[in-house]
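**Q** Given next are the chains, with one letter for each unit.
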Amino acid sequence: AQTIHQWPVAEIKAVGSPLSLGCTIKGKSSPNLYWYWQATGGTLQQLFYSITVGQVESVVQLNLSASRPKDDQFILSTEKLLLSHSGFYLCAWSLEGISNERLFFGHGTKLSVL
Amino acid sequence: AQSVTQPDARVTVSEGASLQLRCKYSYSGTPYLFWYVQYPRQGLQLLLKYYSGDPVVQGVNGFEAEFSKSNSSFHLRKASVHWSDSAVYFCVLSAPSGSWQLIFGSGTQLTVMP
Numbered sequence: 001a002q003t004i005h006q007w008p009v010a011e012i013k014a015v016g017s018p019l020s021l022g023c024t025i026k027g028k029s030s031p032n033l034y035w036y037w038q039a040t041g042g043t044l045q046q047l048f049y050s051i052t053v054g055q056v057e058s059v060v061q062l063n064l065s066a067s068r069p070k071d072d073q074f075i076l077s078t079e080k081l082l083l084s085h086s087g088f089y090l091c092a093w094s095l096e097g098i099s100n101e102r103l104f105f106g107h108g109t110k111l112s113v114l
Numbered sequence: 001a002q003s004v005t006q007p008d009a010r011v012t013v014s015e016g017a018s019l020q021l022r023c024k025y026s027y028s029g030t031p032y033l034f035w036y037v038q039y040p041r042q043g044l045q046l047l048l049k050y051y052s053g054d055p056v057v058q059g060v061n062g063f064e065a066e067f068s069k070s071n072s073s074f075h076l077r078k079a080s081v082h083w084s085d086s087a088v089y090f091c092v093l094s095a096p097s098g099s100w101q102l103i104f105g106s107g108t109q110l111t112v113m114p
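Just so you know, the sequences run in chain order A and E. If you're matching positions, the first sequence starts at 1 in our numbering and goes up one per residue. If you're matching positions, the second sequence starts at 1 in our numbering and goes up one per residue.
Possibly wrong hints are sitting among the right ones.
Unchecked claim - Not the full set, but computed from the structure, chain E residues with beta-carbon under 8 angstroms of chain A:
#1 Q42
#2 F104
#3 G105
#4 G107
As the list claims (entries may be wrong) - Example chain A residues on the side facing chain E (calculated, C-beta under 10 angstroms, incomplete):
#5 P8
#6 V53
#7 G54
#8 E57
#9 V59
#10 C91
#11 R102
#12 L103
#13 F105
#14 G108
#15 S112
To be verified - Now the in silico label distances, taken between C-beta atoms and shown as ranges:
#16 E:S3 / A:L95: 22 to 28 angstroms
#17 A:S84 / E:A79: 40 to 46 angstroms
#18 A:S29 / E:P55: 33 to 39 angstroms
#19 E:S80 / A:G27: 32 to 38 angstroms
#20 A:S30 / E:S80: 38 to 44 angstroms
#21 A:S84 / E:A1: 20 to 26 angstroms
#22 A:Q55 / E:S70: 28 to 34 angstroms
Since the hints were derived computationally from the structure, they do not count as laboratory data. A virtual CB, placed ideally from N, CA and C, is assigned to each residue, including glycine.
With these hints in hand, go ahead and build the complete structure from the sequences.
**A** Take a look at the structure:
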């Protein structure tokens, strides 16, 4: 069975500090990977997607970056956090293009920037 | 432009009552439509999806949704709700094949009173 694991579960960080969030998918080779951001009480915005190792496409510019160093790993990061980065970050995977297949979501990381 | 509107931010119903959560979309053709549910502090799970064909689609846990092209709607229904159905429900749109982006509605917080 496929599993998706996000870390950390929660983070409290200072404005201007760096951030790294991780996501690992086990049991599925070459998945499509996605990062979503959910502001408190808000809807989800797609941030990045990746079809293959080393390739990441940006959907929304929020002063964040993403990388896919391994087939099963997706990293979200920034060198300087802003207050507006607070929220809930969700990693997801799918078998094929979003339009054709369901997304499977991780449990998310709650980020509070103070 | 593509968009999804969930006009009801919060819905409260009594256990055993019927439920309808509204979703309106804006898209020039026939989109792919999904309903996802988010339980507290968790990722999202797919309830059901519509690609084409029968406008009434069945999902998990007794949920169903009806697609209406004339009304540009995709309302979610359940005949009898349970307290465990309390969660946030998202209506989601995607353009057919070739699109890598999902458009999320703002979500509806459902509270089921015992």
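**Q** Give a verdict on every hint.
**A** Cross-check of the supplied hints:
no. : hint                              : verdict
1   : Q42                               : holds (5 angstroms)
2   : F104                              : holds (4 angstroms)
3   : G105                              : holds (6 angstroms)
4   : G107                              : holds (6 angstroms)
5   : P8                                : violated (13 angstroms)
6   : V53                               : violated (17 angstroms)
7   : G54                               : violated (17 angstroms)
8   : E57                               : holds (7 angstroms)
9   : V59                               : holds (6 angstroms)
10  : C91                               : holds (8 angstroms)
11  : R102                              : holds (5 angstroms)
12  : L103                              : holds (7 angstroms)
13  : F105                              : holds (3 angstroms)
14  : G108                              : holds (5 angstroms)
15  : S112                              : violated (14 angstroms)
16  : E:S3 / A:L95: 22 to 28 angstroms  : holds (27 angstroms)
17  : A:S84 / E:A79: 40 to 46 angstroms : holds (42 angstroms)
18  : A:S29 / E:P55: 33 to 39 angstroms : holds (36 angstroms)
19  : E:S80 / A:G27: 32 to 38 angstroms : holds (36 angstroms)
20  : A:S30 / E:S80: 38 to 44 angstroms : holds (42 angstroms)
21  : A:S84 / E:A1: 20 to 26 angstroms  : holds (24 angstroms)
22  : A:Q55 / E:S70: 28 to 34 angstroms : violated (41 angstroms)
Checked against the numbered hints given earlier, the structure breaks hints 5, 6, 7, 15, 22 and satisfies all the rest.
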